[in-house]
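Asker: Use these hints to put chains B and C onto chain A, whose structure you have.
As you go down the protein sequences, you meet chains A, B and C in turn.
Residue numbers for the first sequence follow our numbering, so the first one is 1 and each next one is one higher.
Residue numbers for the second sequence follow our numbering, so the first one is 1 and each next one is one higher.
Residue numbers for the third sequence follow our numbering, so the first one is 1 and each next one is one higher.
Just so you know, the hints here were simulated from the structure itself, not pulled from any lab data.
Worth double-checking, as some hints may not be accurate.
Stated by the list, open to error - In silico lysine to aspartate or glutamate, DMTMM-like type, Cα no more than 20 Å apart, as pairs:
#: 1; chain 1: A; residue 1: 184; chain 2: A; residue 2: 200
#: 2; chain 1: C; residue 1: 204; chain 2: A; residue 2: 227
#: 3; chain 1: A; residue 1: 26; chain 2: A; residue 2: 348
#: 4; chain 1: C; residue 1: 8; chain 2: B; residue 2: 172
#: 5; chain 1: A; residue 1: 340; chain 2: A; residue 2: 262
#: 6; chain 1: C; residue 1: 93; chain 2: A; residue 2: 15
#: 7; chain 1: A; residue 1: 210; chain 2: A; residue 2: 227
#: 8; chain 1: A; residue 1: 16; chain 2: A; residue 2: 216
#: 9; chain 1: C; residue 1: 8; chain 2: B; residue 2: 173
#: 10; chain 1: A; residue 1: 210; chain 2: A; residue 2: 33
#: 11; chain 1: A; residue 1: 110; chain 2: A; residue 2: 128
#: 12; chain 1: C; residue 1: 3; chain 2: B; residue 2: 66
#: 13; chain 1: C; residue 1: 204; chain 2: A; residue 2: 94
#: 14; chain 1: B; residue 1: 188; chain 2: B; residue 2: 170
#: 15; chain 1: A; residue 1: 71; chain 2: A; residue 2: 100
#: 16; chain 1: A; residue 1: 353; chain 2: A; residue 2: 254
#: 17; chain 1: C; residue 1: 3; chain 2: B; residue 2: 241
#: 18; chain 1: A; residue 1: 210; chain 2: A; residue 2: 31
#: 19; chain 1: A; residue 1: 16; chain 2: A; residue 2: 79
#: 20; chain 1: A; residue 1: 274; chain 2: A; residue 2: 254
#: 21; chain 1: C; residue 1: 8; chain 2: B; residue 2: 106
#: 22; chain 1: A; residue 1: 184; chain 2: A; residue 2: 34
#: 23; chain 1: A; residue 1: 301; chain 2: A; residue 2: 333
#: 24; chain 1: C; residue 1: 3; chain 2: B; residue 2: 172
#: 25; chain 1: A; residue 1: 118; chain 2: A; residue 2: 128
#: 26; chain 1: B; residue 1: 188; chain 2: B; residue 2: 173
#: 27; chain 1: A; residue 1: 71; chain 2: A; residue 2: 94
#: 28; chain 1: A; residue 1: 18; chain 2: A; residue 2: 7
#: 29; chain 1: A; residue 1: 184; chain 2: A; residue 2: 33
#: 30; chain 1: C; residue 1: 206; chain 2: A; residue 2: 94
#: 31; chain 1: C; residue 1: 3; chain 2: B; residue 2: 223
#: 32; chain 1: B; residue 1: 188; chain 2: B; residue 2: 172
#: 33; chain 1: A; residue 1: 301; chain 2: A; residue 2: 326
As the list claims (entries may be wrong) - A short list of chain A residues far from chain C (calculated; beta carbon distances all over 12 Å):
#: 34; residue: 43
#: 35; residue: 90
#: 36; residue: 248
#: 37; residue: 260
#: 38; residue: 276
#: 39; residue: 310
Glycine included, every Cβ here is placed at the ideal spot set by N, Cα and C.
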Amino acid sequence: MARISLEHIRHAYSDKAKAAGDYALKEVHHEWEDGGAYALLGPSGCGKTTLLNIISGLLQPSDGRILFDGKDVTQLSTEERNIAQVFQFPVVYDTMTVFDNLAFPLRNRKVPEAEVEKRVNEILEMTDLAGMAKRRAQRLTADQKQKISLGRGLVRANVNAILFDEPLTVIDPHMKWVLRSQLKRLHRQSRFTMVYVTHDQTEALTFADKVVVMHDGQIVQIGTPAELFERPSHTFVGYFIGSPGMNLMPASIDGASARVGDQTISLSGAPAVKAGGRIELGIRPEFVRLGREGMPVTITKVEDIGRQKIVRATFCGQPLAIVLAEDDEIPTDAKVSFEKSAIGIFVDSWRAKTETARQEG
Amino acid sequence: MNNRPVNNSSGSRLGFLIPVVYILFLALPIYWLVNMSFKTNGEILGPLTLWPTNPTFRNYMVIFTDPSWYNGYINSIIYVVMNTVISVSAALPAAYAFSRYRFLGDKHLFFWLLTNRMAPPAVFALPFFQLYSAFGLIDTHIAVAIAHCLFNVPLAVWILEGFMSGVPKEIDETAYIDGYSFPRFFVKIFMPLIASGIGVAAFFCFMFSWVELLIARTLTTTDAKPIAATMTRTVSASGMDWGVLAAAGVLTIIPGALVIYFVRNYIAKGFALGRV
Amino acid sequence: MEKTWNNKAWFLVLPVLVLVAFSAVIPLMTVVNYSVQDTFGNNEFFWAGTDWFTQTLTSPRFWDALWRNLVFSAVILAIEVPLGILIALNMPKHGIGVPLCLVLMALPLLIPWNVVGTIWQVFGRVDIGLLGYVLNSLGVHYNYTQDPTAAWATVIVMDVWHWTSLVVLLCYAGLVSIPDAYYQAARIDGASRFSVFRYIQLPKMKRVLLIAVLLRFMDSFMIYTEPFVVTGGGPGSSTTFLSIDLVKMAVGQFDLGPAAAMSIIYFLIILLLSWVFYTVMTQSDAEQG
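Only chain A is shown next, with the shape it has when bound in the complex:
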């Protein structure tokens, strides 16, 4: 269990790419607290796995340093870093039994056999594999194999961190939910530092205390699930988290009010906008009110998705999504209003600070 600090880490996959400034991972400078449960969230190819492999030591970063509890481990091998990692696709040792698979990381480290027995049995219990401990791993199904992989990641008692690289991709939905809650429980019991890479926002938001959102090789926001939802610091976070994503529309700012098309919307404070930047106004569909008062809007479509309704509308020539509760009425000749505190102003995709409500980001 350790505090992991990444100092000015950058990575390019070849010297040529490096010379061209083509970094798969742009500068990352961040500290992962001891015992935290983090999710690394982002679309495919955003550099999540690169970052994970740099932490585990499978990759050496082109620039920067990694410290575990203040000790520089950049040059240390994976074994020396004492890290566990679970991969996207199941890796099992075909010729070994399930039990031996789980015991493998311990036996390699010369853990006494009694201790091995105890740890492995705990893991077998947890992953529901106890019934097949003596079976050979080769003939198991994909999700049983992945459970073995997960189990091998969890079996060691004193790792600095456990890293998960989209570990539940091949698991069926029901089992996914079960395993995720088990991981969560395990985290609470053991307080391992856990880093969980995924492109699935539900997975990230339910597993992690802190979610790290990555986009195009850089970290765009780190925050609790609520922060990401309420105060996205980058339009990408607004768009990527939430379903449907945040409404964004081009706007201009005049003191403490914004203009979208021919409408003026008052804000809770005056945002700090620099001249020449591309300004957008963002509001989550959940914070758009539909009623008889407010600004004119044309409703084009209503999607009923069970407990909620999504209203697709056009506002000042821009598409606008609105989320309503299932039994909310949609008035004829509806008008919209935006909840003032939920409006965000974005300059060149980054959230602009307002004078009244300051926030980190």
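Answerer: Structure of chains B and C alone, referenced to chain A:
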């Protein structure tokens, strides 16, 4: 540089020496043969020299000017190419049948085909001679080409079946729904998909037909005599003509080397994907 | 893949059947025919029953050749398979080295077999060969035309030279198909170099190794041309393998009946041994799970 995955898999730092030493071991006898082919017989039989002191092309000139020598090459190449074409074209539909359908006796048939790969040429040499004599095919290229099908057809079926099994069946079904007839589908859609498999199969057919001598020599006398058999001529009344023998040997290595060079990417890929 | 039942598929197999019937079945029938008959020439044949088989199976000459062949196959498998694995493990994984190694290593496979024989015949000669000359000047008494041990060593080294590359190429194919995640997981698990080999590489190479062992066994058991060119089966009959003996009998002495009987026994032995290899090597798969 450190920015690659740190030591991906295997080996110590000196591991690369093993393939290097192995390649040197492979090269040494070939070097000696090439060396000899540029020497005069006098120098060959004299004190050992590591490279020709008086390089001569005489040995090669003998081969290029004497029809009984260079026809050997032409004969070999004719029957090898014929065999490759016959083997691969016969094996294609059969491999498709084995990879896509179950039919009466399919498993036994497949195994029986493979057993032919295990048949020692020495066992077949004599019956072949009698069979082809009966058909008046002795000393023709086609006789050797068909005889080599004995081991090349099973091999080609085996290799191609492996590649074809890797192509999802849905592709066939989609094509039939789109109104393709079987032959048109097979040639236009299916064959391009298994191009590297065909390349690998053709390579192996070429290889085994090119290197085989026992059957080829038994079935030919003069008109279709392969180069490898012609080489036995170098023993004459005046003793062994070592220089010409070496030159002829070097020339038999060249077609193989060219073939490998041209299919090198197929081979790397084919080996990784297919069965062999 | 689920296969559909379709007996029309026989039509697709037909060309192969015709070819193989012509090049395998008819000749094989001829062999069977000869094996049970006797002739005094002039195409007059007499029923000989199992005489030739009895004669072959009781002749020390056959058993000697069979024994030599088995020893030869065992020795070259024991050398070529581990050596091939070792080389494949140390092959470069990417870059220019890959095609370079593949091309250079495949070269011996494409040399006509009698030329392989010629190359080693020349290379090993005491008077004009580099190997023979160097060994003798180092004080090693080496002469493959007189000394059976030297003849055996030459034939074995020649086969290693000729065929190890096949094992290398097959093993290499098996190795490159292992996903990187396996190696990464092994490093995370703290596996030693040997564990990686034992638990990841070897199991993944198993299928291609089976092919390699079968092919090498079959071909070494049928070996004819290369030793024939180098040693002619000698000195004495120390390197007379089954094929060499068979050709001597059939073509040299024109003893068709015994040769045919021997052919059939020979063929059956190869089938039997290949089947044993196949079963043994696939056995461990089936027994558990």
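Asker: So, for every hint listed, does it hold in this structure?
Answerer: Hint-by-hint comparison with the structure:
no., hint, verdict
1, A:184 / A:200, "holds (16 Å)"
2, C:204 / A:227, "violated (47 Å)"
3, A:26 / A:348, "holds (18 Å)"
4, C:8 / B:172, "holds (17 Å)"
5, A:340 / A:262, "holds (18 Å)"
6, C:93 / A:15, "holds (19 Å)"
7, A:210 / A:227, "holds (9 Å)"
8, A:16 / A:216, "holds (19 Å)"
9, C:8 / B:173, "holds (17 Å)"
10, A:210 / A:33, "holds (10 Å)"
11, A:110 / A:128, "violated (26 Å)"
12, C:3 / B:66, "violated (57 Å)"
13, C:204 / A:94, "holds (9 Å)"
14, B:188 / B:170, "holds (16 Å)"
15, A:71 / A:100, "violated (33 Å)"
16, A:353 / A:254, "holds (15 Å)"
17, C:3 / B:241, "violated (60 Å)"
18, A:210 / A:31, "holds (12 Å)"
19, A:16 / A:79, "violated (30 Å)"
20, A:274 / A:254, "holds (12 Å)"
21, C:8 / B:106, "holds (12 Å)"
22, A:184 / A:34, "holds (16 Å)"
23, A:301 / A:333, "holds (14 Å)"
24, C:3 / B:172, "holds (13 Å)"
25, A:118 / A:128, "holds (15 Å)"
26, B:188 / B:173, "holds (14 Å)"
27, A:71 / A:94, "violated (37 Å)"
28, A:18 / A:7, "holds (18 Å)"
29, A:184 / A:33, "holds (17 Å)"
30, C:206 / A:94, "holds (11 Å)"
31, C:3 / B:223, "violated (47 Å)"
32, B:188 / B:172, "holds (12 Å)"
33, A:301 / A:326, "holds (15 Å)"
34, 43, "holds (21 Å)"
35, 90, "violated (9 Å)"
36, 248, "holds (38 Å)"
37, 260, "holds (48 Å)"
38, 276, "holds (46 Å)"
39, 310, "holds (39 Å)"
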